[in-house]
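Chains as they are written, first to last, in my numbering: chain A, 1 to 116; chain B, 1 to 116; chain C, 1 to 116; chain D, 1 to 116.
Hints may be right or wrong, so weigh each one.
If chains are identical, the list can't say which one is meant, so a pair holds when it fits in one copy or spans any two.
Said to hold, decoys possible - In silico lysine to any residue, SDA-like type, Cα no more than 25 Å apart, as pairs:
1. K107 with Y82
2. K48 with K100
3. K105 with D4
4. K62 with F15
5. K62 with Q9
The set of hints was computed from the structure by calculation and includes no laboratory data.
Listed here are the chains, written in short residue letters.
There are 4 protein chains.
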Amino acid sequence: MSADLYTIQQKIIAFRNERDWAQFHDPKNLAEALSIEAGELLENFLWKTTEQSRNFSPEELKNVKEELADIFIFLTYISEEYKIDLLSEVEKKIAVNETKYPAGKAKGSSRKYTHL
Amino acid sequence: MSADLYTIQQKIIAFRNERDWAQFHDPKNLAEALSIEAGELLENFLWKTTEQSRNFSPEELKNVKEELADIFIFLTYISEEYKIDLLSEVEKKIAVNETKYPAGKAKGSSRKYTHL
Amino acid sequence: MSADLYTIQQKIIAFRNERDWAQFHDPKNLAEALSIEAGELLENFLWKTTEQSRNFSPEELKNVKEELADIFIFLTYISEEYKIDLLSEVEKKIAVNETKYPAGKAKGSSRKYTHL
Amino acid sequence: MSADLYTIQQKIIAFRNERDWAQFHDPKNLAEALSIEAGELLENFLWKTTEQSRNFSPEELKNVKEELADIFIFLTYISEEYKIDLLSEVEKKIAVNETKYPAGKAKGSSRKYTHL
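Chain A with its partners taken away, still in its complex shape (with noise of 0.2 Å):
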């Protein structure tokens, strides 16, 4: 069982903050840095198929979880800058695509919302 969330992020702001890498954690290159990490997670997967990703060996495993890591701590940062909190925002936006997809219309289908 993990730590709850509040707890971890509150964990990456004090890594942070240790180093003093305040000054480089601007917004954008936040959201750079997520980007690029982005990247790397979906480098696990080029030239595979589904079924190979889905019998991934323990070291491909391994830089997976690595990568949706660092996704996750980027995504705390900029959520700290804006004070945003991630998971209200999280449930604001489900329902909003469950208005954007209605569970009866976009049933099955792979659709954007403007093509349902």
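Chains B, C and D: place on chain A using the hints.
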């Protein structure tokens, strides 16, 4: 005060299952989606100075929040696919980073650990 | 038959100069822009099978073409910034790849050169 | 003076065919690869100021050149897949941009055409 992480991750999965979208959610596509959302997040900062991005209009801030939420949603789907406990991986990653970037050596430096 | 590369790169630069946009075109922003466009290109393929993406509608194909053009335009701006002759760099990179991936060893394998 | 574009695109295709890599080169994977390379390009600018990125070391500049070349290589593969004449699409896109961003209105502004 937002709901806890576990409750929200359950909501995200339920949202998908009600729409029968698991069939599209192989991990390769999810990693693509996350990377695309990260690009959309970054777009909010393009051509902007740090000062401008620290003084976003309410509309710009709303866009940023929605992109952060979307990224978190795809983090959740990928974690679910591999049965990953995201927060526990974040904790491990912080521990790894503490070794890579010892507070003493990394203080005030933006260098990559391989160049410290 | 299209105009030659050099003529088109000149056009791209002239387009910018007529709009006084060089002031925004520092290389960091240009690299961000290129990465954002690459995400938009990728969005055309999201949730699609290989077969679907080989049978794009004229509208989808038009989108792909526009994104490829946008990416080329940003390649040109970055090259111009650093006085890089893009084609000559491509030739050098092909030579590097020929060493990294000798035809004999790499034939039929999608492995990274570090794993050949 | 570098070779012309057409000659180099032929070289890029020949490089692939000698390695039997066309089997991996479906357009979805190629778009992923291009996006990953764009992230690697961007990494060169992360945490850097504009001034720093205008004064890259020879090693940093070499990295930038290689990423630009890689991106061009994937542009070529995707163009080949769809029988796209890249330069002719770039010319069309410049014409589109001239309509979206008339020199008079867009002069000195970094706004998106939808906000001009």
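Hint-by-hint comparison with the structure:
1. K107 with Y82: Between. Shortest inter-copy distance 24 Å satisfies the 25 Å Cα cut-off; intra-copy 35 Å does not.
2. K48 with K100: between (32 Å within a copy, 20 Å between copies)
3. K105 with D4: This pair counts as neither: shortest intra-copy Cα distance 36 Å, inter-copy 30 Å.
4. K62 with F15: Answer is within: at 22 Å inside a copy they meet the 25 Å cutoff, but 28 Å across does not.
5. K62 with Q9: both (22 Å within a copy, 21 Å between copies)
Violation of the numbered hints given earlier is confined to hint 3; every other hint is satisfied by the structure.
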